[in-house]
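Undergrad: One line per chain: the protein sequences are P and C, in this order.
Note that this note's numbering numbers the first sequence so that position 49 is 122, with each residue one more than the last.
Note that this note's numbering numbers the second sequence so that position 164 is 252, with each residue one more than the last.
Just so you know, not all the hints are guaranteed correct.
Below, a list of computed lysine-lysine pairs in the DSBU-like style, where the Cα atoms sit at most 30 Å apart [said to hold, decoys possible]:
id, chain 1, residue 1, chain 2, residue 2
1, P, K145, P, K341
2, C, K336, P, K148
3, P, K332, C, K461
4, C, K461, P, K151
5, P, K362, P, K145
Don't read these hints as lab results, they were simulated from the structure.
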Amino acid sequence: MKPTTRSLVVALIALSCLALHAANWTQGMKEGKAEFKSISQLAFGPEGILIVADTKAAAITAIATGDTTPAKETKALKVEGINQKIAGLLGTSAEQLVINDMVVNPISRSAYLAVSRGRGPDAVPVLVRVKAGGELEAVSLDKVKFTRGELPDAPVDGVVGEGNRQSNPRQESITDIAFFQDRILIAGLSNEEFASTLRAIPFPFEKVAGGTSVEIYHGAHGKFETRSPVRTFVPFNVGNEPSLIAAYTCTPLVQFPIKELSPGAKIKGKTIAELGNRNRPLDMIVYQKDGKDYLLLANSSRGIMKISTDNIEKAESITTKVADKQGQSYETIASWTGVDQLDKLDAGHALVVRKGEGNALNLESMALP
Amino acid sequence: MVQPVRLVTSAATLRASLLLVGWLGVSYPASAAETSTYSIRWNTNSTPPMVEAVGLNEKALRQLQESNWQTADWQKLLSVYAGQGDFMTDMSVPAMLGSYQVADNRIRFQPQFPLEPGVRYRAVFRPSKLPGSGEIRKADILSIFQLPAIQRQPTTVVAQVYPSADVLPENLLKFYIHFSAPMRGGHIYERVRLRDEVGKVVELPFLELDEELWNPEMTRLTLFIDPGRIKREVKPLEDIGPALEAGKRYTLEIDAACTDSAGLPMREPFRKSFRVSAPDREPTSLASWTIKPPKSGTRDALTVNFPEPMDHALALRVIRVANAAGRLVEGASALADHETRWSFTPQETWTAGTHQLQVQNNIEDLAGNNIGKAFEVDLLEPVQRRFTNQVVRLSFEVR
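Assemble the whole structure, with the sequences as input and the hints as a guide.
TA: Written out as structure tokens, the structure is:
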């Protein structure tokens with residue numbers, strides 16, 4: 074879902090960062106039991122380090138999976154009824170199982186799935202690995218090297234003491250995470266204030282100090298800019314500018330420079346495409362084909378979009394009202410139906426979780442379009 | 089031949105006996121090979137229940153105890169499967185996770201997770217996989233087990249929907265739906281609808297998020313109106329139109345098919361009918377709030393009246409009271425009169441002096457306007473470069 078580098082330039086930057094940090098990625102990690110209240114979103118960092126977002130605990134955990142044996146070759150993979158098979162493994166029915174996210178370890182090419190066993194307040198989070206040959210296993214988190222940081226609420230100046238001692242129903246859902254160079258980027262959405270937040274946390278971290286919170290505005294509705302939550306994003310090099318391309322819930326595609334992600338900053342994003350209404354973006358990857366970069370975006374109702382990045386650095390921000398679609402051109406890949414989860418498997422393939430027969434979900438490798 | 093399994097021993101508890109009611113627990117050889125002395129028992133005296141293979145001889149038990157088997161080896165001998173309601177699927181689901189041990193003359197499998205009501209579990213014991221055994225001709229033993237689905241009457245209802253007023257602005261941002269018991273997530277957007285005054289379902293009015301915005305206890309759902317469907321001065325998306333229009337009536341409907349955490353539907357569906365008024369595009373201002381201070385020496389409530397309803401969750405969370413020393417006063421806050429009146433009852437009696445109402449500037453009215461900041465920012469005005477989670481203060485005297 075979120076590869077770490079996008080083009081040669083970014084790859085070189087990343088390589089230099091890797092050289093600087095090579096020995097330090099697991100700095101501050103302790104061995105023990107990694108505990109979770111939920112496992113909502115996943116992303117891979119360097120050296121098989123899996124970044125796990127726990128929405129219920131408002132925390133981020135980085136786990137050294139030790140899954141660092143490079144895959145020799147990528148074989149076609151299809152696990153039919155992956156939801157039923159995981160439900161079977163966990164001793165429940167597929168109806169009581171939720172797949173929250175799926176990512177591919179870029180080294181071993183094993184798939185990792187964030188799963189909830191149950192749908193109620195006592196749902197149990199489980200991390201499941203699907204090896205290249207299709208074998209399922211629950212990843213034991215009882216004895217792993219990990220580091221965990223809690224995401225603090227935005228500090229409130231000048232407030233001292235407990236005040237109203239009532240339970241706090243506020244929760245910030247983590248809608249997407251990505252690892253970029255030496256930072257973990259986290260998009261969040263509160264169940265109370267309607268605002269999009271993005272945090273950039275330096276990695277490795279021993280604790281998340283303050284974090285970084287930004288508000289992003291985009292201009293897809295004519296005269297006004299609207300606060301709206303980011304649903305999914307990818308780091309991408311626009312020209313020489315390391316940027317984030319973020320898909321919002323209603324569905325503008327917005328670009329903004331990563332360097333502007335500084336504490337307390339208010340960033341005005343540039344709307345580079347409006348992908349049409351009655352639609353929700355679900356997941357996004359970047360890949361190369363025939364020497365060109367493309368974004369591949371899975372949607373709730375407009376299928377899979379293959380979006381051109383030609384001249385993206387020269388794109389004008391869309392600030393006028395949009396009847397339906399505008400900006401970067403895209404083609405809809407009709408054969409990729411029912412895709413819920415998407416990540417890059419290798420240079421030529423994606424791995425998806427998509428709807429199969431009945432209530433089955435299938436895990437499938439697909440040739441990139 | 090199908091034969092019921094003796095599930096409880098003479099030492100079984102009454103609790104276990106009661107649990108037996110409604111069980112389906114049968115075991116039988118999978119094929120007609122040699123008659124077997126082995127059987128499978130579902131031991132519900134432990135939590136979670138254990139699955140046991142009994143009838144093994146001493147030699148086999150000793151060999152198993154001395155073996156250094158990994159889970160995969162044990163699963164070849166005894167494995168338990170959670171049925172998915174379809175024969176072909178059931179043949180391909182992996183064995184359930186759990187741990188194995190040999191004790192009390194039997195093999196015990198302890199599932200990692202509790203057994204779920206309504207799921208049909210299948211245990212298979214394969215004597216032919218016993219170490220070094222001459223049991224190669226012994227048939228597999230199969231046993232099926234099911235905890236009964238919960239049969240009680242539905243009791244959960246929608247306890248309240250906020251905003252509670254029956255007139256709401258055209259650019260309303262969200263509803264909070266409070267349930268009387270914890271709920272199950274998933275499919276909620278299929279079970280919540282908005283109808284216009286002729287009963288027609290409004291198309292996609294809500295921001296549908298995979299995350300489904302529940303509170304941690306799963307008793308409150310936040311339902312955002314899709315910001316792309318909120319009517320603006322410049323009409324946004326011409327072919328679909330706004331979700332709510334001033335002057336019209338709408339009904340928010342919540343299906344009885346929503347399930348609570350026990351898997352039961354709601355006792356009844358819920359409807360909230362409301363009229364839509366003109367949009368509210370003005371920032372909120374504390375200058376228009378009126379404070380009625382309490383008397384010192386009492387635990388009377390401090391009350392604050394707003395000129396317009398405020399967001400229920402935020403008003404309860406971000407308004408606090410500080411005493412003359414600047415310390416927050418501990419107590420409980422409440423909202424009344426359709427979220428236009430906030431009150432605060434302290435734990436201790438009030439002391440005389442200048443107090444402060446401290447309000448975080450992220451408090452919202454029903455249209456998402458904050459203190460000094462409207463929900464929508466006009467592009468013609470410069471974008472504020474920094475934001476902070478500031479606190480705005482209003483002083484009042486306790487005498």
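Undergrad: Mind listing which of the numbered hints don't hold for this structure, in increasing order?
TA: When the structure is compared with the hints, numbers 1, 2 and 4 turn out to be violated.
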